[in-house]
Amino acid sequence: RKEVEQDPGPFNVPEGATVAFNCTYSNSASQSFFWYRQDCRKEPKLLMSVYSSGNEDGRFTAQLNRASQYISLLIRDSKLSDSATYLCVVRSSNTGKLIFGQGTTLQVKP
Amino acid sequence: NAGVTQTPKFQVLKTGQSMTLQCAQDMNHNSMYWYRQDPGMGLRLIYYSASEGTTDKGEVPNGYNVSRLNKREFSLRLESAAPSQTSVYFCASSAFTSASYEQYFGPGTRLTVT
Numbered sequence: 001r002k003e004v005e006q007d008p009g010p011f012n013v014p015e016g017a018t019v020a021f022n023c024t025y026s027n028s029a030s031q032s033f034f035w036y037r038q039d040c041r042k043e044p045k046l047l048m049s050v051y052s053s054g055n056e057d058g059r060f061t062a063q064l065n066r067a068s069q070y071i072s073l074l075i076r077d078s079k080l081s082d083s084a085t086y087l088c089v090v091r092s093s094n095t096g097k098l099i100f101g102q103g104t105t106l107q108v109k110p
Numbered sequence: 001n002a003g004v005t006q007t008p009k010f011q012v013l014k015t016g017q018s019m020t021l022q023c024a025q026d027m028n029h030n031s032m033y034w035y036r037q038d039p040g041m042g043l044r045l046i047y048y049s050a051s052e053g054t055t056d057k058g059e060v061p062n063g064y065n066v067s068r069l070n071k072r073e074f075s076l077r078l079e080s081a082a083p084s085q086t087s088v089y090f091c092a093s094s095a096f097t098s099a100s101y102e103q104y105f106g107p108g109t110r111l112t113v114t
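Listed in order, the protein sequences are those of chains V and S. The numbering of the first sequence is this note's numbering, which starts it at 1 and goes up by one. The numbering of the second sequence is this note's numbering, which starts it at 1 and goes up by one.
No lab work stands behind these hints: they were computed from the structure. Given the structure is predicted, the values throughout are model-derived calculations rather than measurements. Treat the hints with caution; some may be incorrect.
Simulated restraints, written as ranges between beta carbons of each label pair [to be verified]:
id, chain 1, residue 1, chain 2, residue 2, range
1, V, 81, S, 9, 35 to 41 angstroms
2, S, 82, V, 8, 24 to 30 angstroms
3, V, 28, S, 79, 35 to 41 angstroms
4, S, 56, V, 20, 34 to 40 angstroms
5, V, 7, S, 88, 30 to 36 angstroms
6, V, 74, S, 41, 35 to 41 angstroms
We put the CB at the ideal spot given by N, CA and C, even for glycine.
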């Protein structure tokens, strides 16, 4: 079983839609969680960290459920520019290194 | 600031050839990393350097070597390239403090081994 699992998609949604991605992780001792965004043929960039209490940044909301070991990302009012691959990332408490999920691809259509 | 830079951007090698991928960062970060990214596999850590003078194996180190030349530079060497090493290679750096584990990535090197 992979340490971090995501549905690869693709998720095809119309502009203005609300879309949510989930990610599960296997190590219950994991301590830090992030969402990265990767545009086609580009490098990954940090989108937002995920805090236990949940956090929001504009149209983006991240949630953490430690009991069920999953992380979610909600995007409201989708824009064409949101089209990208979203990587779920967990910091391993054992090694301190970041473990990346394979990513979920979002395609927002006009 | 340039952030993290990588050279070359593209490379085609024949099986058995060697090459070195170069990476440099200008953010005064202590930690640097090399990843490979393959379809359906996500980013996998090859080697990392927690601080200048130290290097450690990641998840997929076989067939690679690294050198942390100084605080700025971290190179990845393929001694005898194999088709299985066809991939996109990303270098990253991080301050790696309790205040920030964010990793900053370079633009990547697309390597094809024939």
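The hints, checked one at a time:
| no. | hint | result |
| --- | --- | --- |
| 1 | V/81 to S/9: 35 to 41 angstroms | 24 angstroms, violated |
| 2 | S/82 to V/8: 24 to 30 angstroms | 26 angstroms, holds |
| 3 | V/28 to S/79: 35 to 41 angstroms | 39 angstroms, holds |
| 4 | S/56 to V/20: 34 to 40 angstroms | 36 angstroms, holds |
| 5 | V/7 to S/88: 30 to 36 angstroms | 22 angstroms, violated |
| 6 | V/74 to S/41: 35 to 41 angstroms | 26 angstroms, violated |
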